[in-house]
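Enquirer: Residue numbers (the working numbering), protein chains in the order written: chain A, 525 to 1028; chain B, 28 to 142.
Bear in mind the hints are in silico, worked out from the structure with no lab data behind them.
Just so you know, not all the hints are guaranteed correct.
[What the hints assert, rightly or not] Derived SDA-like pairs: lysine to any residue, alpha-carbon spacing no greater than 25 Å straight-line:
{"#": "1", "chain 1": "A", "residue 1": "K838", "chain 2": "B", "residue 2": "S129"}
{"#": "2", "chain 1": "A", "residue 1": "K919", "chain 2": "B", "residue 2": "L30"}
{"#": "3", "chain 1": "A", "residue 1": "K838", "chain 2": "B", "residue 2": "E68"}
{"#": "4", "chain 1": "A", "residue 1": "K616", "chain 2": "A", "residue 2": "G562"}
{"#": "5", "chain 1": "A", "residue 1": "K919", "chain 2": "B", "residue 2": "D120"}
{"#": "6", "chain 1": "A", "residue 1": "K966", "chain 2": "B", "residue 2": "G134"}
{"#": "7", "chain 1": "A", "residue 1": "K838", "chain 2": "B", "residue 2": "Y118"}
{"#": "8", "chain 1": "A", "residue 1": "K838", "chain 2": "B", "residue 2": "N83"}
{"#": "9", "chain 1": "A", "residue 1": "K919", "chain 2": "B", "residue 2": "G113"}
{"#": "10", "chain 1": "A", "residue 1": "K919", "chain 2": "B", "residue 2": "P64"}
{"#": "11", "chain 1": "A", "residue 1": "K773", "chain 2": "B", "residue 2": "G112"}
{"#": "12", "chain 1": "A", "residue 1": "K838", "chain 2": "B", "residue 2": "L63"}
{"#": "13", "chain 1": "A", "residue 1": "K773", "chain 2": "B", "residue 2": "D51"}
{"#": "14", "chain 1": "A", "residue 1": "K919", "chain 2": "B", "residue 2": "P117"}
{"#": "15", "chain 1": "A", "residue 1": "K919", "chain 2": "B", "residue 2": "R125"}
{"#": "16", "chain 1": "A", "residue 1": "K919", "chain 2": "B", "residue 2": "A142"}
{"#": "17", "chain 1": "A", "residue 1": "K919", "chain 2": "B", "residue 2": "V123"}
{"#": "18", "chain 1": "A", "residue 1": "K838", "chain 2": "B", "residue 2": "L130"}
{"#": "19", "chain 1": "A", "residue 1": "K937", "chain 2": "B", "residue 2": "R31"}
{"#": "20", "chain 1": "A", "residue 1": "K838", "chain 2": "B", "residue 2": "G134"}
{"#": "21", "chain 1": "A", "residue 1": "K919", "chain 2": "B", "residue 2": "F128"}
{"#": "22", "chain 1": "A", "residue 1": "K919", "chain 2": "B", "residue 2": "D47"}
{"#": "23", "chain 1": "A", "residue 1": "K919", "chain 2": "B", "residue 2": "R135"}
{"#": "24", "chain 1": "A", "residue 1": "K937", "chain 2": "B", "residue 2": "I124"}
{"#": "25", "chain 1": "A", "residue 1": "K919", "chain 2": "B", "residue 2": "S129"}
{"#": "26", "chain 1": "A", "residue 1": "K919", "chain 2": "B", "residue 2": "R87"}
{"#": "27", "chain 1": "A", "residue 1": "K919", "chain 2": "B", "residue 2": "F90"}
{"#": "28", "chain 1": "A", "residue 1": "K838", "chain 2": "B", "residue 2": "V123"}
{"#": "29", "chain 1": "A", "residue 1": "K773", "chain 2": "B", "residue 2": "S129"}
{"#": "30", "chain 1": "A", "residue 1": "K838", "chain 2": "B", "residue 2": "G86"}
{"#": "31", "chain 1": "A", "residue 1": "K966", "chain 2": "B", "residue 2": "I114"}
{"#": "32", "chain 1": "A", "residue 1": "K919", "chain 2": "B", "residue 2": "S29"}
{"#": "33", "chain 1": "A", "residue 1": "K919", "chain 2": "B", "residue 2": "E68"}
{"#": "34", "chain 1": "A", "residue 1": "K838", "chain 2": "B", "residue 2": "D51"}
{"#": "35", "chain 1": "A", "residue 1": "K919", "chain 2": "B", "residue 2": "A97"}
{"#": "36", "chain 1": "A", "residue 1": "K919", "chain 2": "B", "residue 2": "L104"}
{"#": "37", "chain 1": "A", "residue 1": "K838", "chain 2": "B", "residue 2": "R87"}
{"#": "38", "chain 1": "A", "residue 1": "K838", "chain 2": "B", "residue 2": "A116"}
{"#": "39", "chain 1": "A", "residue 1": "K838", "chain 2": "B", "residue 2": "I124"}
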Amino acid sequence: MSADSGPGEPPPKPDFPHGGGELGALIRTFDWSATGLGPIAAWPQSLKTVTSLILLSPVPMVLLWGEDGVMIYNDAYSVFAGGRHPRLLGSKVREGWPEVAEFNDNVMRVGLAGGTLAYKDQELVLHRHGRPEQVWMNLDYSPVPDESGRPAGVIAIVVETSETIRAERRRAEAQERVRQSEERFRALVNATSDVVYRMSPDWLEMRALDGRGFLSDTPSPSVRWMDEYLFPEDQGAIWSVISEAIASKSVFHLEHRVRRADGGAGWTSSRAIPLLGPDGEITEWFGAASDITPRRRAEQHLRLVVNELNHRVKNNLAMTQAVAAQTFRNAENVTEAQASLSSRISALALANDLLTGERGTAVSMRGVLDQATRSHYPSPDRRLIEGPDFSLSPKTALSLSLAMHELSTNALKYGAWSAADGAVEICWSIYRPARGGPERLKLVWTERGGPRVDPPRRRGFGSRLIERGLAAEMGGEVQMRFEPEGLVCVIDAPLTVYAEEGAA
Amino acid sequence: MSLRILIVEDEMTIALLLEDMVADLGHEPAGLAMRLPQALEMAEREQLDLAILDVNLDGRLSFPVAEILARRGVPFLFATGYGSGGIEAPYRDRVVIRKPFSLEDLGRAIDRVAA
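Based on the sequences and whatever the hints tell you, model everything.
Expert: Below is the structure:
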């Protein structure tokens, strides 16, 4: 103590507090007489004791002394105070931290009344560096009694938890992002109708497969997936594509046959990607497989249709060739042959229309007879068509159509339709033969009212087509009688009603 | 040498052309079958040196006819619009002519089969 130092002498160097780091030094030299605390020499022992205690602590602590809460703190607190330090030392807490004045008013009120306060991760906005800053702190306030035993100040342990809180928030946000991503992934998997599967890195084990009704499910790991989903004859080829994907750690993609949930064969477009671990090795394969069975069927059907079309084109050309060859073989001169050929090709084309059902009608007996003759007769009243209708096989319809064309052109050139008012009757009936056996068709073509008929000197292609071709086609007899009043052609054949698939 | 040749062809105009062509080549048409039952019967019954078979007879394949002919030792050839792809396995090495064909095509095919 230096109670004996007189005026004029430099004030004695304060020896309190001892040590206490930077703050200890600041406190020793601070002019406390300007504060409510007065010079250190006059401080009560209780204040000195608490000050020493604070300065020795590595934990940020501050003492708020007196009604105004004059601030004394340690080095650790100065770090927390940031730009406020060192102005904060010796200031009233209300003025030192104006932005949280009300909070501290409450602290002082409670503390000086003998109460304690504890806040965990208390959120505050402080202006430590000249700008608002959100911080979180653990705050513990206890009253400090003076010599009389009454609370004279409040000691605060201030531990900033902002970093911990921010880290926790970042972790929570990251977790939330992962959760959302997971949720989106699940939504995606649920939104697609694709089969979803997971395989072990070497594909020996299927970890899981959700079959979506297309394939059977594999809910838990199975090493028998190959036999479950693949036909034995396909396994080799599929495995070689899998092996290649494993070796190159690249996407597996293949359209292949599969055994469906119902046991039948289907087609799938399957695609799997390798998931790589931090060491770059495959940890799992994740795949999706869609049902392309309908598309495959359609493609197959289309191939059949194209093949059939090609066949029909070839066949039609062969027929055209046959008609042309025989037209020229039997022709008397080139002009006649040209006319006959072009008329016969037209007849073939017309018959073809009938067969491909372009008019949406079945190949009916009446339809065939009507169409083959309608382009030749001079007027509708000079043709009578009568008989019960039924369906014909396309092949029979074509032959009958060509035969009717031949009869019609003949009638127009030499027969009933070449005269002013001759007519043709085409009548047919179905009968059961007296000697038994299946029902038969009898069709009679009768020409009347034309010029007198003489049997032809030579038989042309038309006659041969009718008498030989049509007879063979229909498996019956065909007879052409050149009666003086007109030609009569009688077709007598077993009735083969053609019932098309799916027809009523 | 004139051969007795069975013609199995379901298309009337082509059947008639085949008859003409066979005759033009100096052979004798031994019969014309346009449907499978008829063809089976004629293949079994007729005295034949050779047969020309259409593959598709109004929707039915003519291979049972080929089977009878093969059993009887009668040589045959196929005439088809489908090409050799439509020929069943046991007959893949048989002679096939594609429709439409010329007189010369048919003549060469008959000579190869008859040889």
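Enquirer: Where does the structure disagree with the numbered hints, that is, which hint numbers, in rising order?
Expert: Hints 2, 3, 5, 6, 11, 13, 14, 16, 19, 23, 24, 29, 31, 32 and 35 not satisfied by this model.
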